[in-house]
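Trainee: Each chain, letter by letter, is given below.
Number of protein chains: 2
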Amino acid sequence: MKIIDIYSRYKKDLANIEKELESSVQSDHALLNETSVHLLKAGGKRIRPVFVLLAGRFGNYDLETLKNVAVSMELIHMASLVHDDVIDDAATRRGQPTVKSKWDNRIAMYTGDYIFARALGVVTRLPQPEIHQIMSHAIVEMSVGEMEQIRFFFHTGQTVRDYLLRIKRKTAYLIAISCQLGAVAAGASASVCDKLYRFGYNVGMAFQIRDDVLDLNGTEQQIGKPPGSDIKQGNITLPVLFALQDPQRKVLLLEQIESIREAEGQGDVTPFLEAIRRSGGVKRAEDLASRYIDRAIEALDGLPARQAKKDLIRIAHFVGNRSY
Amino acid sequence: MKIIDIYSRYKKDLANIEKELESSVQSDHALLNETSVHLLKAGGKRIRPVFVLLAGRFGNYDLETLKNVAVSMELIHMASLVHDDVIDDAATRRGQPTVKSKWDNRIAMYTGDYIFARALGVVTRLPQPEIHQIMSHAIVEMSVGEMEQIRFFFHTGQTVRDYLLRIKRKTAYLIAISCQLGAVAAGASASVCDKLYRFGYNVGMAFQIRDDVLDLNGTEQQIGKPPGSDIKQGNITLPVLFALQDPQRKVLLLEQIESIREAEGQGDVTPFLEAIRRSGGVKRAEDLASRYIDRAIEALDGLPARQAKKDLIRIAHFVGNRSY
Numbered sequence: 001m002k003i004i005d006i007y008s009r010y011k012k013d014l015a016n017i018e019k020e021l022e023s024s025v026q027s028d029h030a031l032l033n034e035t036s037v038h039l040l041k042a043g044g045k046r047i048r049p050v051f052v053l054l055a056g057r058f059g060n061y062d063l064e065t066l067k068n069v070a071v072s073m074e075l076i077h078m079a080s081l082v083h084d085d086v087i088d089d090a091a092t093r094r095g096q097p098t099v100k101s102k103w104d105n106r107i108a109m110y111t112g113d114y115i116f117a118r119a120l121g122v123v124t125r126l127p128q129p130e131i132h133q134i135m136s137h138a139i140v141e142m143s144v145g146e147m148e149q150i151r152f153f154f155h156t157g158q159t160v161r162d163y164l165l166r167i168k169r170k171t172a173y174l175i176a177i178s179c180q181l182g183a184v185a186a187g188a189s190a191s192v193c194d195k196l197y198r199f200g201y202n203v204g205m206a207f208q209i210r211d212d213v214l215d216l217n218g219t220e221q222q223i224g225k226p227p228g229s230d231i232k233q234g235n236i237t238l239p240v241l242f243a244l245q246d247p248q249r250k251v252l253l254l255e256q257i258e259s260i261r262e263a264e265g266q267g268d269v270t271p272f273l274e275a276i277r278r279s280g281g282v283k284r285a286e287d288l289a290s291r292y293i294d295r296a297i298e299a300l301d302g303l304p305a306r307q308a309k310k311d312l313i314r315i316a317h318f319v320g321n322r323s324y
Numbered sequence: 001m002k003i004i005d006i007y008s009r010y011k012k013d014l015a016n017i018e019k020e021l022e023s024s025v026q027s028d029h030a031l032l033n034e035t036s037v038h039l040l041k042a043g044g045k046r047i048r049p050v051f052v053l054l055a056g057r058f059g060n061y062d063l064e065t066l067k068n069v070a071v072s073m074e075l076i077h078m079a080s081l082v083h084d085d086v087i088d089d090a091a092t093r094r095g096q097p098t099v100k101s102k103w104d105n106r107i108a109m110y111t112g113d114y115i116f117a118r119a120l121g122v123v124t125r126l127p128q129p130e131i132h133q134i135m136s137h138a139i140v141e142m143s144v145g146e147m148e149q150i151r152f153f154f155h156t157g158q159t160v161r162d163y164l165l166r167i168k169r170k171t172a173y174l175i176a177i178s179c180q181l182g183a184v185a186a187g188a189s190a191s192v193c194d195k196l197y198r199f200g201y202n203v204g205m206a207f208q209i210r211d212d213v214l215d216l217n218g219t220e221q222q223i224g225k226p227p228g229s230d231i232k233q234g235n236i237t238l239p240v241l242f243a244l245q246d247p248q249r250k251v252l253l254l255e256q257i258e259s260i261r262e263a264e265g266q267g268d269v270t271p272f273l274e275a276i277r278r279s280g281g282v283k284r285a286e287d288l289a290s291r292y293i294d295r296a297i298e299a300l301d302g303l304p305a306r307q308a309k310k311d312l313i314r315i316a317h318f319v320g321n322r323s324y
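Going line by line, the protein sequences match chains A and B.
By the numbering used here, the letter at position 259 of the first sequence is numbered 259, and the numbering carries on one by one without gaps.
By the numbering used here, the letter at position 257 of the second sequence is numbered 257, and the numbering carries on one by one without gaps.
In isolation and in its complexed conformation, chain A is listed as follows (with noise of 0.2 Å):
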């Protein structure tokens, strides 16, 4: 079983999302069209959008309300992906070139700010004031988790507990949303909801430690970017913290980790990658990874039999076992 085979069971209403994605980001002003459909073809998973609309399964599922959700989850995640290029000095993304780097950091910043506003557009026509406050508080969170983010780089003396926090903010919370609020858009009980929030929060956890494990020990291929962006630019992440705990390997890597900080994006990781490879990092990410996939497929005990909560837990296992 593929993660396209459940997609394509949803095929005809993710056609219509995205149909609706590109006529959410139109306006009159060219530049901004441009850069908004450069981002849209760039592709991605759309995982949000799936998770919205096997959430509303749990309720009165109707597309034309999902709809809502699931474009303004899809344009708020790529808004804070632009926002991160420009941070992270990110020259291509999912084999594309970004905004920024095809463009400029100024018209990607405008560029982030203006899908984040087409998304708000979107969410309006839902009338629940429950979705917005949902929705606000979680991008109040990815916004602190943005800065952090910041404030962590090349800080090797962080704890899991601060990169799990972290990756909470940045990752977890809009996955964990995007499941709560089809659930809530779609009228589901309030048990409901809640169970599916935190599928959605364990999945979100798994997915993001699956994507740093990526970075350190993907392709270029697979990762559509070369693999050690995230130490170039100073995000430590779990199996480097992991592999920082073994008092015999902490050393040597405290030295790899100061002097990719001074080469400043220029200099060879792939000594370091190495290291983190031999190292049990990746091992005991892949593990927690694990753990939080388990986690997710329980919060979904009690939940009706339905075709959805099969394709939950398949992309759940999916998204635990990812290698693309």
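Any given hint might turn out to be false.
Identical copies carry no separate label here, and so any pair may be met within one copy or between two of them.
Unchecked claim - Pairs of lysine to any residue, SDA-like flavour, derived with a Cα cap of 25 Å:
no.	residue 1	residue 2
1	168	27
2	102	233
3	102	280
4	102	150
5	19	262
6	102	141
7	41	5
8	168	30
9	19	168
10	250	20
11	310	137
12	19	96
13	102	235
14	310	255
15	283	5
16	102	23
17	170	37
18	225	133
By construction, these hints were calculated from the structure, which means they are not laboratory data.
We have chain A already, so just place chain B on it with the hints.
Mentor: Okay, now just chain B, sitting in the frame of chain A:
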């Protein structure tokens, strides 16, 4: 009569709003607190909160409700200023160092994102979908306006119409909806809300024109930053466009603008400022600002003769003659 006299009538409520502004940006993140409080302490005229309060006087005035509108309007304004400073490469604003100069561009970008997210959090306390829709529409327009500004940098062929559309998006919309939403939140009739919107729109246009005039013929002490900042960054404003319409001045002005562009913000803009001051451009821009003020006051026709109406008219006149 000074603006401070009008403000003094609402001193208690404004102090209340100031407190709410401070508490609304609080987080357990030290750097975000620091940057946000730095921005708040840098001050500002708080004209948007004042308009929200005055508009609220034409419905059921309830400070607890209006406060949410006032605070979110001011936070959106502040967030857009921080992002503007990134683009403008501004070292000071209102006589204070900018976030980007005191910290850096990345921190300024994320501080803007954070303050913006907080603004949304505050406004979601209000249940009316109409408020969220009006606000998100204005935010989309603002972000288009920000991008427009970049496109028109050093673009001497732009029309007065291009300029007016840009300042409408950049400034007038947010002031217009501050007036409108104060009335909406207070439950005023659609006709009252509409009059206040038009008042705010026209005052906002005048406000930005006067701001742009001041950048050309004010002193550093008056405006809190060196005069000529606009042209240094390529922002061609109304007095310049009017001056360029004079065939006898055009050639010299184009040469001056070109050499300012080539100097990349380092050159001496005094000769250019003097040329603009000698042209009739400043006078014509001031005249247009006055016409907007007249229209703003006309828009209030038919509103009940309350103290708030008198104060709105006074503020409008003040904006029309501003030299602060």
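Trainee: Checking each numbered hint in turn, tell me which of them this model violates, lowest number first.
Mentor: Hints 3, 5, 9, 10, 11, 14, 15 and 18 are the ones this structure does not satisfy, whereas the remaining hints hold.
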